[in-house]
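Line by line, the protein sequences are chains A and B.
So for the first sequence, our numbering puts the first residue at 1; every next one is plus one.
So for the second sequence, our numbering puts the first residue at 1; every next one is plus one.
Since the hints were derived computationally from the structure, they do not count as laboratory data.
Check the hints yourself; a few may be wrong.
[Unchecked claim] Reference excerpt, derived from the structure (chain A facing chain B, CB under 10 angstroms, subset only):
hint	residue
1	Thr13
2	Thr112
3	Trp118
4	Ala231
5	Met236
6	Gly254
7	Ile255
8	Gly257
9	Val326
10	Leu351
C-beta: ideal position from N, C-alpha, C; glycine also.
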Amino acid sequence: MIDRGLGADLEKTTLLGAVLATVTLLRPLFAFKENRVALGEPVMLPEAGGVWVTGVIAGLVLAAGLLSFAPQVNRVRWAKISIGMLLFATLVITLGLSGSQAVAGMEFARITPSTGFWVGVLASFVLVQGSLHSAPVSHLVRSVVVLIPFLIVLILLAAGVLDSLAPVQEYYTRESRFVSELGAHLWLSGVAVLAASMTGVPLGILAYRRRMAERPVFAAVNGIQTIPSLALFGLMIAPLAYLSREFPVLRSLGIRGIGNAPALIALTLYALLPVVRNAYTSLAVIRGSVIDAGKGMGMSRAQMLRFVEVPIAVPIILSGVRVSTVQAIGNTAVAALIGAGGLGTFVFQGLGQGAPDLVVMGVIPIVLLSVFVDRSLAVVIRVLTPRGLKGAPS
Amino acid sequence: MKRIGAFVLPVLLVAGFSVFVWSEGVRELVLRSMFPGRISYIYERVTLARLLSQHVALVAVSSGLAAAVGVALGVFVTRPIGRDFHPIVQDISSVAQTFPPVAVLALAVPAIGFGFAPSIVALFVYSILPVINNTISGLDSVDPAVIEASRGMGMKRGQILWLTELPLAARVIFAGIRTSLVINIGTATVGAVVGAGGLGTVIVSGLVRDNSAYVFTGAATAAFLAFGLDFVIGRIQNRLYDARSD
Numbered sequence: 001m002i003d004r005g006l007g008a009d010l011e012k013t014t015l016l017g018a019v020l021a022t023v024t025l026l027r028p029l030f031a032f033k034e035n036r037v038a039l040g041e042p043v044m045l046p047e048a049g050g051v052w053v054t055g056v057i058a059g060l061v062l063a064a065g066l067l068s069f070a071p072q073v074n075r076v077r078w079a080k081i082s083i084g085m086l087l088f089a090t091l092v093i094t095l096g097l098s099g100s101q102a103v104a105g106m107e108f109a110r111i112t113p114s115t116g117f118w119v120g121v122l123a124s125f126v127l128v129q130g131s132l133h134s135a136p137v138s139h140l141v142r143s144v145v146v147l148i149p150f151l152i153v154l155i156l157l158a159a160g161v162l163d164s165l166a167p168v169q170e171y172y173t174r175e176s177r178f179v180s181e182l183g184a185h186l187w188l189s190g191v192a193v194l195a196a197s198m199t200g201v202p203l204g205i206l207a208y209r210r211r212m213a214e215r216p217v218f219a220a221v222n223g224i225q226t227i228p229s230l231a232l233f234g235l236m237i238a239p240l241a242y243l244s245r246e247f248p249v250l251r252s253l254g255i256r257g258i259g260n261a262p263a264l265i266a267l268t269l270y271a272l273l274p275v276v277r278n279a280y281t282s283l284a285v286i287r288g289s290v291i292d293a294g295k296g297m298g299m300s301r302a303q304m305l306r307f308v309e310v311p312i313a314v315p316i317i318l319s320g321v322r323v324s325t326v327q328a329i330g331n332t333a334v335a336a337l338i339g340a341g342g343l344g345t346f347v348f349q350g351l352g353q354g355a356p357d358l359v360v361m362g363v364i365p366i367v368l369l370s371v372f373v374d375r376s377l378a379v380v381i382r383v384l385t386p387r388g389l390k391g392a393p394s
Numbered sequence: 001m002k003r004i005g006a007f008v009l010p011v012l013l014v015a016g017f018s019v020f021v022w023s024e025g026v027r028e029l030v031l032r033s034m035f036p037g038r039i040s041y042i043y044e045r046v047t048l049a050r051l052l053s054q055h056v057a058l059v060a061v062s063s064g065l066a067a068a069v070g071v072a073l074g075v076f077v078t079r080p081i082g083r084d085f086h087p088i089v090q091d092i093s094s095v096a097q098t099f100p101p102v103a104v105l106a107l108a109v110p111a112i113g114f115g116f117a118p119s120i121v122a123l124f125v126y127s128i129l130p131v132i133n134n135t136i137s138g139l140d141s142v143d144p145a146v147i148e149a150s151r152g153m154g155m156k157r158g159q160i161l162w163l164t165e166l167p168l169a170a171r172v173i174f175a176g177i178r179t180s181l182v183i184n185i186g187t188a189t190v191g192a193v194v195g196a197g198g199l200g201t202v203i204v205s206g207l208v209r210d211n212s213a214y215v216f217t218g219a220a221t222a223a224f225l226a227f228g229l230d231f232v233i234g235r236i237q238n239r240l241y242d243a244r245s246d
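Based on the sequences and whatever the hints tell you, model everything.
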C-alpha cells in the first residue's frame, strides 16, 4: 500500500461541519426569558444538558473530525450522515427538555434558541448534505433522509416537548388566528396563480403565434416583475378606491382600495411572467423536430395532441407555474401590509410590537410552505416529463 | 429619426421623474389633481430626494457586496481547492432561493436588530444567492476543451480563469447580478418596515394614515427606479453581449 500521507483523503466539508459543531460547546444553547419582552439570560450546553449530553456532543464532534480524514467510501458516508442526524436530534431534544425544566412553574417564561443551537443545526446540515450528495442512492432515499429532521421536529412538537420555545408559545396564544391566516395565505396565492395560469397560457400562445404581440406581451410581463411588490400593491390602491367610490356595485362585491382585491390583482400580475414565458417556450419546443417525427409515424391530429404536444407542453408549463407559485407565496406575505391578511400579518405585527419571536413564528411557516410547494411540484414535474426529455434534475 | 426618438423618450421620462422628486410644488400639483381632497400631499418628515438616495444606497451597497462575494465564492467552489464545497454551496443557494426575500429581511431583526445596517446584511444575504448560482453554472458550462486549449497555449491557472473562463461565463454571471439587483430594489422597499428608510417609508406611512397620495408618491418613485435601473442594465447587457435580453 502506498502511503499518501495524512490529509490526502481530507473531506473539507466534514471538517467544516466538525469545526462548526464545536461552536455548540462554546456558545449559549438558548436564552431564558422571564416573559415576552424580557432580555434573555444565556444558557450554555453543559448547564442545559449536563455531563452526559455534553459528552455525547463532544464525542460526535470528535468522530466527525476524525472521519473527515477517512477515505470517502460508502460506510464512512453513512457514518457521517448518522453523526449529523444524531447531532441534530440531540440538540433539539436537549433544547426542548431543558427548556421545559427552565420554565417549569413560571407562567410567562419561555426560551429562545441562540447561536450555539443554530450553528449546531448548520453543522449537522453540512455533515449530512456533504456526504449525502455523493452517496449512490436513488432520489427517493435521498428525499426520505432529508425529511428525517423535519419528522423529528414534528414528533417533538406534537409530543409537547418544544412547548417552552417562544415561537411555539406565540403560536399557542393565537392558534385559531393562525389557522385562518394560513387559509387566507393559501387562498390568496392559490387564486392568484390559478388566474395567472388561465390568462398566462393564452398570452404565451398569442405571443408565439403573432409576431406583433410578442414584444408588447413580454415587455409588459417583464416590466411588471421589476416593479417592487410593495409599490405594485400601493399602485393598485388608488384606482380601486376610486372605482369602488364611483360604482356601488363593485363596493357591494367587497372591492375596495385595500384588502383582497388589490392584493389579488397585483399577485396575479406578478405571477404572469413565468407562466407566459414557459407557455411560449413549450410551443417553441413542440414546433421543432418532434412534430415531424410524429407526422412521419403517421399520427392523426388528435394523436399528435394526445401523444406528442400535451406530454411535452404540460411539464414545461408546470415549471412556470412552479416558479410563479413560490413567488406568489412570498409576495402574499407582503400583501398583509395592505390589509389582505395571510401569514405576513404575524410577521409585520411582530415587527411592529418589537416581538422577534412572533416574527419567527410567522416566517417559519412561510418558508416551509414555499420550500414544500417547490419540492412537491418538482416531483410532479419529474413524474410527468416524458422519458426522452428528462435532462437536468430540478 | 427613430434613433432620436429612442433617445428623447428616456430623457423626457428622467426629466419628469427628477422634477417630481425634487420639486415639491410640482409634486403637490400633480398629487392634488389625482387625489382631490383635504389630505397632506407632501410627506413632511423626510424629503423624497433623501428617501430616494437612502434607497439607492441600500441597494448599491448590498448588491455591490453580493456581486463581489458571490462571484468570489462561485470561483472558489469551482477551483480544485474548493471543489469539496461545490455541491453543498449549490444546494444551499438553490434551496434558499425559494425562501421569500421578505422572510430573510424579517429574520434579520431577531438576529441583528432594526435599522439601515441590518437591512443591508439581509439584502446582501438574499441577493448573493442568484449571483452564486449563476457564477457556478456559468463557470461549469465552460467547455473543458476550451480550458484544455488554453492550457495547451501555455496559460497559467490564473490566466485561464481571467482570460478564458470568466469572459465565457460573464453573460450568465451578469444575468445573476441583474436578478439580484431587481430583487434588492423590491426588498429594500419592504425594508421600511424594519427601519431601513428608503422609499417604502412613504408607502408604509401612507398605508398607516390612509393617505393615498403618500402611497402613490413612494410606489411610483420606487417603480420608476426599478424600471429605469433594469432598463439601463438591460442596455448595458445588450451592448456587451450584443444579444436580445429577456
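Are any of the numbered hints broken by this structure? If so, which, sorted upward? 6, 7
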